[in-house]
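Peer 1: Single-letter residue listing:
2 protein chains.
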Amino acid sequence: MPYADSAGTAARWATARAIEAWAIVGGDLPEATLAAVRPGLDLARFDGARIVLVQPDERRCRSDEIAVADMIAVGHLDGAPAGLFEALVEAGLDDVRKLGVLGASPEVLAAAARAGAGAIVGLAPRDPDVRRALVRAQPDTIVEPGEFGALDARQYASRRAHRERVLLNPGPAVVTDRIHRAVGGPDLCHREPEYGALFDRVRRKLLATAGVTDDWGVVLLAGSGTAAMEAMTGAFVAPGRRLLVCRNGTYGDRIATIAARLGIETVDVRAPDTIPIDVAQVDATLGSDPAIDAVAVVHHETTTGLLNPVHEIAAAATAHHALTLVDAISSLGAEELRLAGGGIDVVAGTSNKCLHGLPGVAFLLVSPRARERAGQVPPRSLYFDVPNYLRGQARGSVPFTPAIPAIYGLEAALDELADEGVAVRRRQYRERIGVLDEELARLGLEPSVAPDHRSASVRSIPLPPGVSYAWLHDALREDGYVIYAGLGEAAQSSFRVCALGALDADVLRGFGASLEHALARSGAGPAPIPAG
Amino acid sequence: MPYADSAGTAARWATARAIEAWAIVGGDLPEATLAAVRPGLDLARFDGARIVLVQPDERRCRSDEIAVADMIAVGHLDGAPAGLFEALVEAGLDDVRKLGVLGASPEVLAAAARAGAGAIVGLAPRDPDVRRALVRAQPDTIVEPGEFGALDARQYASRRAHRERVLLNPGPAVVTDRIHRAVGGPDLCHREPEYGALFDRVRRKLLATAGVTDDWGVVLLAGSGTAAMEAMTGAFVAPGRRLLVCRNGTYGDRIATIAARLGIETVDVRAPDTIPIDVAQVDATLGSDPAIDAVAVVHHETTTGLLNPVHEIAAAATAHHALTLVDAISSLGAEELRLAGGGIDVVAGTSNKCLHGLPGVAFLLVSPRARERAGQVPPRSLYFDVPNYLRGQARGSVPFTPAIPAIYGLEAALDELADEGVAVRRRQYRERIGVLDEELARLGLEPSVAPDHRSASVRSIPLPPGVSYAWLHDALREDGYVIYAGLGEAAQSSFRVCALGALDADVLRGFGASLEHALARSGAGPAPIPAG
Chain A
1 MPYADSAGTA ARWATARAIE AWAIVGGDLP EATLAAVRPG LDLARFDGAR
51 IVLVQPDERR CRSDEIAVAD MIAVGHLDGA PAGLFEALVE AGLDDVRKLG
101 VLGASPEVLA AAARAGAGAI VGLAPRDPDV RRALVRAQPD TIVEPGEFGA
151 LDARQYASRR AHRERVLLNP GPAVVTDRIH RAVGGPDLCH REPEYGALFD
201 RVRRKLLATA GVTDDWGVVL LAGSGTAAME AMTGAFVAPG RRLLVCRNGT
251 YGDRIATIAA RLGIETVDVR APDTIPIDVA QVDATLGSDP AIDAVAVVHH
301 ETTTGLLNPV HEIAAAATAH HALTLVDAIS SLGAEELRLA GGGIDVVAGT
351 SNKCLHGLPG VAFLLVSPRA RERAGQVPPR SLYFDVPNYL RGQARGSVPF
401 TPAIPAIYGL EAALDELADE GVAVRRRQYR ERIGVLDEEL ARLGLEPSVA
451 PDHRSASVRS IPLPPGVSYA WLHDALREDG YVIYAGLGEA AQSSFRVCAL
501 GALDADVLRG FGASLEHALA RSGAGPAPIP AG
Chain B
1 MPYADSAGTA ARWATARAIE AWAIVGGDLP EATLAAVRPG LDLARFDGAR
51 IVLVQPDERR CRSDEIAVAD MIAVGHLDGA PAGLFEALVE AGLDDVRKLG
101 VLGASPEVLA AAARAGAGAI VGLAPRDPDV RRALVRAQPD TIVEPGEFGA
151 LDARQYASRR AHRERVLLNP GPAVVTDRIH RAVGGPDLCH REPEYGALFD
201 RVRRKLLATA GVTDDWGVVL LAGSGTAAME AMTGAFVAPG RRLLVCRNGT
251 YGDRIATIAA RLGIETVDVR APDTIPIDVA QVDATLGSDP AIDAVAVVHH
301 ETTTGLLNPV HEIAAAATAH HALTLVDAIS SLGAEELRLA GGGIDVVAGT
351 SNKCLHGLPG VAFLLVSPRA RERAGQVPPR SLYFDVPNYL RGQARGSVPF
401 TPAIPAIYGL EAALDELADE GVAVRRRQYR ERIGVLDEEL ARLGLEPSVA
451 PDHRSASVRS IPLPPGVSYA WLHDALREDG YVIYAGLGEA AQSSFRVCAL
501 GALDADVLRG FGASLEHALA RSGAGPAPIP AG
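In order, the protein sequences belong to chains A and B. Residues in the first sequence are numbered consecutively from 1, following our numbering. Residues in the second sequence are numbered consecutively from 1, following our numbering.
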């Protein structure tokens with residue numbers, strides 16, 4: 001996928017076919033197969049696809065082959081798959097990822113893979129004995145010839161549901177092809193030295209991104225951000241001691257729920273969903289309760305797009321000899337988070353938000369002080385046994401099978417972030433959310449959090465009177481934009497727009513226009529400005 | 001990756017370059033850049049790579065460009081990237097995935113992506129301002145020109161450590177390109193209908209693979225197989241009640257450890273690592289302890305490659321009104337597991353073993369009876385709250401961000417399995433392990449488990465006298481084969497060979513030859529037979 005760079009890209013993503021030309025190869029499909037696949041090809045053509053027949057010698061084409069094809073490309077598939085490249089050119093395409101190949105023989109499917117075709121579809125009856133040879137050629141899918149039309153409609157056509165969209169939800173985000181390509185890396189045994197080397201590179205890159213020294217521990221967990229929250233919540237509070245939980249949104253509440261499930265007693269410091277946690281209240285609570293081992297706080301409450309004062313909270317906790325555990329799942333990469341010497345001891349993060357990786361791997365960064373503390377706490381879980389991960393890693397070992405493809409993606413994402421520059425990434429987030437704020441202001445929409453406390457990626461916005469979330473969501477989705485439901489206190493009366501991932505500011509102008517038109521159609525917004 | 005089909009493939013994987021030709025484009029690399037990259041190109045050439053210069057007009061090549069190139073391909077990159085296809089042909093390659101492109105401009109990098117090139121490397125100084133334009137072209141990596149030699153050595157050269165190998169560890173396995181291609185699918189918000197559709201397809205395909213009806217629940221967890229074990233262990237035993245744990249290996253022990261961490265009291269039925277659990281003992285224990293809510297048993301103990309009699313254990317448990325929880329992580333897909341009406345209530349599985357998917361997603365299959373029971377047990381975790389997953393799914397919702405790329409991979413793997421046929425897959429496992437057993441017998445190596453109780457994928461073998469695991473592992477790895485350490489009671493005195501994934505029987509003959517030569521070199525084996 002390209003960057004979501006503009007309204008034009010959003011529109012193309014919302015409407016374009018994934019495969020713009022289907023190639024078949026002369027002599028490959030028996031007459032009965034071709035007859036059965038032809039209605040599907042006709043539907044694809046009606047949807048804008050071109051059908052190219054590849055044939056070493058134009059004069060030898062069968063009449064039924066000529067009848068289904070829009071054009072003939074002359075070329076071979078053996079050796080270099082030149083015929084498929086000719087098909088690309090003949091179809092007027094400039095990108096082999098837009099070319100699909102339909103084949104009934106392993107030779108054609110293998111040539112499609114060698115040519116880099118964007119879709120490789122085997123045609124065969126359901127019989128495993130017949131399919132075996134095609135399976136070994138490793139096509140993307142195998143269907144009966146008569147099923148091809150349905151397959152094209154579902155996966156490759158202009159109206160397919162499962163497609164690229166401008167994701168304005170709070171992660172997973174739109175990420176670049178650099179990441180998509182990386183996750184397809186080599187199969188690996190995680191007890192081999194190459195996994196140790198991969199882990200060590202990712203560990204060092206995460207620490208560099210977070211700006212801390214090499215003595216911090218890194219735990220990579222196969223799981224979502226909530227897995228990292230549960231690992232963090234369970235690992236640093238001794239039995240009979242307490243966890244202070246800062247609660248001003250769904251994710252603070254989630255920490256409290258996790259603690260309750262794990263039998264950890266908590267003390268709450270609360271604020272409304274749109275108001276930052278009061279540091280003085282944290283300080284006073286710590287002062288009055290010497291049984292508190294740690295303070296847990298969500299840096300960026302994506303419930304409303306609110307930033308909590310984590311550095312000040314960490315200073316208060318440090319003064320009271322408590323650890324500070326920060327959920328930085330939706331802040332790391334986008335917000336300023338000072339870890340070096342800042343009193344923050346543990347950070348929970350995930351790959352698929354502002355780091356622009358893919359879901360499947362989450363992590364903890366653990367200060368030397370916190371690591372020591374964790375070693376004194378009896379583990380409450382095996383899967384989330386943090387000291388076990390840290391001990392293993394010191395020996396180059398890993399307790400459980402890691403999510404290797406997601407780790408490949410995380411490394412590529414951290415490399416991309418380093419290429420962009422960590423400070424530049426943060427500045428881009430600020431600039432981009434500024435454009436979103438301008439668009440919202442233009443439409444008279446005011447985020448629920450006051451400007452001083454807003455994050456650089458998420459806005460929670462009251463729904464205009466008479467507009468339901470479901471209606472608005474569907475209207476924007478038609479234009480290629482995915483928004484997200486409200487959460488927390490204003491769940492039913494708000495929606496969220498989140499600017500994270502490989503999105504440019506311009507695409508948010510396109511989103512603003514789409515939102516404007518939707519609101520106008522709903523009768524709730526200002527009159528639409530005619531598109532220029 | 002192709003199937004690991006033979007010793008020849010293993011040897012090629014162990015020795016071949018990933019990128020066989022590097023293309024540069026006339027006029028793209030400034031003279032200073034080309035001068036800095038030249039030592040790296042020379043090293044790649046020394047390692048067997050060809051360097052191709054792509055130029056629209058041969059007469060306009062710069063002399064420094066001609067000096068670094070082995071050959072010149074005449075062709076353009078604008079529009080269809082025909083010049084790169086010409087480079088492929090000129091280099092004598094038949095597979096665009098073996099062609100790498102080095103570029104200093106976004107245009108060249110974008111053309112490389114459009115051509116399907118196997119490696120896309122941007123060359124730029126470290127300055128984010130300079131790199132920005134290249135980042136947006138989404139190359140696989142960006143390096144300084146002087147770093148290219150090290151990059152090539154690490155990722156693309158014949159001696160790179162991180163490469164395809166014949167994985168004979170108990171998962172992750174070698175999987176086909178069908179799976180590798182699938183994980184790179186579109187970015188997705190998991191609250192959108194397309195995720196609901198994806199989940200529902202995977203749910204139905206998992207149930208079909210397991211041979212149970214649609215009223216079973218499916219929990220997809222972002223995590224490893226151990227995550228599924230922890231979810232299963234924690235969800236079905238009420239407070240104050242007990243779990244009977246069958247223990248004859250590391251994974252049975254792991255269930256007991258998880259239960260202890262979660263505060264669940266257990267009753268053990270033990271057997272030595274190489275002996276199946278005694279059903280009569282399970283029955284007697286159940287009869288004498290009415291507080292047992294469930295029996296947990298590992299179907300395939302990969303500790304030694306032992307099968308436990310899960311169907312008989314389930315019958316005993318059912319007679320005593322206890323649930324049966326089966327760890328089928330390394331059996332599902334390869335072993336016969338009768339779930340329909342068989343008394344088994346919960347199955348824990350994972351994507352990356354005998355289902356031939358990639359790591360990152362694990363799952364539980366939950367019978368209607370077990371689902372009802374789970375609803376009566378207070379959750380011991382948030383991340384592993386099984387009823388929460390099941391309730392959410394009934395509404396098309398998912399509690400936490402799913403591991404979408406791994407789920408794409410799992411769906412492709414289940415499709416591949418259906419194309420092969422579930423019964424055929426099981427037969428292939430039996431045939432393939434038969435070849436491994438023949439090879440081991442030929443070398444006088446006897447697996448530690450008696451023939452009747454052996455699984456279809458794993459063998460634990462005593463190390464011959466005087467042979468250390470580390471030495472044997474490294475010797476076989478040189479030939480491209482990855483074995484696995486022993487575990488459990490015989491951890492220090494055994495090694496394991498596991499035949500799962502996209503491996504053909506023939507590659508195990510190659511492994512046998514490699515093992516034979518290694519043992520001969522060690523002085524422990526029979527005299528080597530000269531290679532034919």
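There's no promise every hint is true.
Computed footprint of chain A on chain B; a stretch qualifies when at least three of its residues, placed anywhere within it, have a C-beta under 8 Å from a C-beta of chain A [unchecked claim]:
hint, stretch
1, 32-40
2, 508-519
Per the computed footprint, the stretches of chain A lying under chain B, defined by three or more beta-carbons under 8 Å from a beta-carbon of chain B, are [claimed, not checked]:
hint, stretch
3, 157-165
4, 237-249
5, 253-263
6, 333-344
In short, the hints are calculated from the structure, not lab data. By construction, the Cβ of each residue, glycine as well, lies at the ideal position given by its N, Cα and C atoms.
Peer 1: List in ascending order the numbers of the hints, as given earlier, that are violated by the structure.
Peer 2: Hint check: 1, 2, 4, 6 fail, others pass.
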